[in-house]
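Place chain U on chain S using the hints.
There are 2 protein chains.
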Amino acid sequence: MVHTLSVVVFLKRNTTDMEEGDKVADLFRRADRGDRSALARLISLIEREKEVLSFVPEGLRTKGTNSYLIGMTGAPGAGKSTLTDRLIEWYRRQDDEVAVLAIDPTSPFSGGAILGDRVRMQSHALDSKVYIRSMATRGSLGGLAVAVPITLRVLQLVSFDEVIVETVGVGQVEVDIVGSSDSTIVVLNPLWGDSIQANKAGLLEIADVFVINKADRDGVRQTRRDLDAMLDLSEPKKWRPPIIETVASDGQGVAELGSALAAHRAFLVDSGEINRKREKRASEEFTKATLRLFERSLKNSGDFVRLHQSVKEGEIEPTRAAQEVIDKILRN
Amino acid sequence: MVHTLSVVVFLKRNTTDMEEGDKVADLFRRADRGDRSALARLISLIEREKEVLSFVPEGLRTKGTNSYLIGMTGAPGAGKSTLTDRLIEWYRRQDDEVAVLAIDPTSPFSGGAILGDRVRMQSHALDSKVYIRSMATRGSLGGLAVAVPITLRVLQLVSFDEVIVETVGVGQVEVDIVGSSDSTIVVLNPLWGDSIQANKAGLLEIADVFVINKADRDGVRQTRRDLDAMLDLSEPKKWRPPIIETVASDGQGVAELGSALAAHRAFLVDSGEINRKREKRASEEFTKATLRLFERSLKNSGDFVRLHQSVKEGEIEPTRAAQEVIDKILRN
Chain S
4 MVHTLSVVVF LKRNTTDMEE GDKVADLFRR ADRGDRSALA RLISLIEREK
54 EVLSFVPEGL RTKGTNSYLI GMTGAPGAGK STLTDRLIEW YRRQDDEVAV
104 LAIDPTSPFS GGAILGDRVR MQSHALDSKV YIRSMATRGS LGGLAVAVPI
154 TLRVLQLVSF DEVIVETVGV GQVEVDIVGS SDSTIVVLNP LWGDSIQANK
204 AGLLEIADVF VINKADRDGV RQTRRDLDAM LDLSEPKKWR PPIIETVASD
254 GQGVAELGSA LAAHRAFLVD SGEINRKREK RASEEFTKAT LRLFERSLKN
304 SGDFVRLHQS VKEGEIEPTR AAQEVIDKIL RN
Chain U
4 MVHTLSVVVF LKRNTTDMEE GDKVADLFRR ADRGDRSALA RLISLIEREK
54 EVLSFVPEGL RTKGTNSYLI GMTGAPGAGK STLTDRLIEW YRRQDDEVAV
104 LAIDPTSPFS GGAILGDRVR MQSHALDSKV YIRSMATRGS LGGLAVAVPI
154 TLRVLQLVSF DEVIVETVGV GQVEVDIVGS SDSTIVVLNP LWGDSIQANK
204 AGLLEIADVF VINKADRDGV RQTRRDLDAM LDLSEPKKWR PPIIETVASD
254 GQGVAELGSA LAAHRAFLVD SGEINRKREK RASEEFTKAT LRLFERSLKN
304 SGDFVRLHQS VKEGEIEPTR AAQEVIDKIL RN
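Residue numbers (our numbering), protein chains in the order written: chain S, 4 to 335; chain U, 4 to 335.
Honestly, I wouldn't trust all of these hints.
Each pair may be met inside one copy or between any two copies, as identical chains are not told apart.
SDA-like mimics (lysine to any residue), calculated; alpha carbons at most 25 Å apart, straight line [to be verified]:
| id | residue 1 | residue 2 |
| --- | --- | --- |
| 1 | K315 | F270 |
| 2 | K241 | E22 |
| 3 | K26 | T68 |
| 4 | K280 | S57 |
| 5 | K53 | A41 |
| 6 | K280 | K302 |
Hints were generated in silico from the structure; no laboratory data involved.
The structure displayed is predicted, hence computed values, not measured ones.
If we strip away everything but chain S, and leave its shape as in the complex, we get:
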């Protein structure tokens, strides 16, 4: 019923859209068969804010539910890229296909060398079962907030067994993106006690698995103690995040991390939590896309343009002007 309505609205808008839709559906089919240039074109369409997900061919529509979405975040320099690299190897040994979406920051402060990261991941460049793509946060926040979740869903739809999303920046947008994955890995280094204490709440909220990377350095035991104390103090949940020690540079602990992820995934499935997570992602995508479309429509609003001018000339308070725009648009 809702679908029918959707198609009617859509046909009324522009009949040439339908041809576009056929082309997009074809890109999906080709991407699903492993055609990387078709996949790249799909993602480019998403970056240009073209609608693609309405044109997923029927056969693919439910496929994404078998794909596992992993988020990774942590301080700059904590070793996330090396760890991602090791995780790719781990899943490749099981003959899985793996995609990585790396969110590059606008900010100049990554700590870790971004170019170095990309180069490092090139070790998989000749492996046709691995796809690595980065997406810059430069430009509109609204655009990014919508493009990233859609790209992740596309990667899940076109047959990747694991999709890993990794951020370099550690601001709110970046944490939001990673935190809504099926499983979220939070990467720390030894001797991070202070900041962990200070930021307790934020950490607990998003971590499903903690990794203490560079675990060959001093302070591992203290960091583990801090994390454990923190988890003890927090509200008990059904899943207590395990703490895995790794030395990503030589692969130490990666198998344990792989097992911890598998255990969390099993927990998500058994508890039905995985459906709740997907529903939450769909819900956020809907809200963000609505806001984004509204934002894009504003430049065609006469009221907005006129009041924008008054704001620039200092004739009216920006927030008061915003209230007027909204009153006019919603009253009409």
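For chain U alone, kept in the frame of chain S given last:
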């Protein structure tokens, strides 16, 4: 003309608002006379997304133009808080009143100890001419994007000579906030060459003054060379960001930083750039407030609520549903 219209709309909405407006105007007057509890109440109203700036008393309205807005950002652990502390001292020696707004991250990865920072800044707690407030990024991004610029304007209006905004997180939202100040300080440490190279564009865009803090460590000359090379390669602007070396922990280089800021401020005034910056901030505030009000109005939209349900049940693609909501709202 626009103002009259604004008042009419406003009176129609709710007559009791007018009394609220009187109260807010009174808070402004008291805050301007140095009443910190009145100022705290104003900021709490902003955090709860109440409109305050429409009620600025006439006498205060143009006052903020003499206030200087400084943004500070940099990698976690680069020493931003200590530097802020030293800048406060520097301006206090000129008998200026200084306000600091510290944006705390949702993210657990600050690197520097946030609690420690707040404690450190307590050295000014007994100085009635210094006001330090932190604002958490937790919660809605839309809310934060609006609350921070409004708070900064309020601090400028109520007689602070300098207003410093400092972020701990280094994601896109945080960089946006700091980057629209009058003068933006980017704090680096020695031996950051790689990431600077990699993130060239982002750095150049927001920095008005570079600080190499912890300049008593090795690698200062290399970092300076990297920065200089980067600036040479970039499109020439009228203002070339100077590179200041500091050791914030013992105050070294802070006077030079103060002078560099004064020079940049003079440049902004002489070139008229300061008005362009203010206009840009007002313009962004207007757009963000419009989006935020729209976001808040969505939960009262029957179409939004109904389609939200369909999205959750997997009956319709989130982005397609978003298009329907916008079509209905804008068509009405």
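Status of each hint after checking the structure:
1. K315 / F270: Answer is between: at 22 Å across copies they meet the 25 Å cutoff, but 54 Å inside does not.
2. K241 / E22: neither (48 Å within a copy, 49 Å between copies)
3. K26 / T68: within (24 Å within a copy, 55 Å between copies)
4. K280 / S57: Answer is within: at 21 Å inside a copy they meet the 25 Å cutoff, but 41 Å across does not.
5. K53 / A41: Answer is within: at 15 Å inside a copy they meet the 25 Å cutoff, but 48 Å across does not.
6. K280 / K302: Between. Shortest inter-copy distance 21 Å satisfies the 25 Å Cα cut-off; intra-copy 34 Å does not.
The structure does not agree with numbered hint 2 stated previously, though it agrees with all others.
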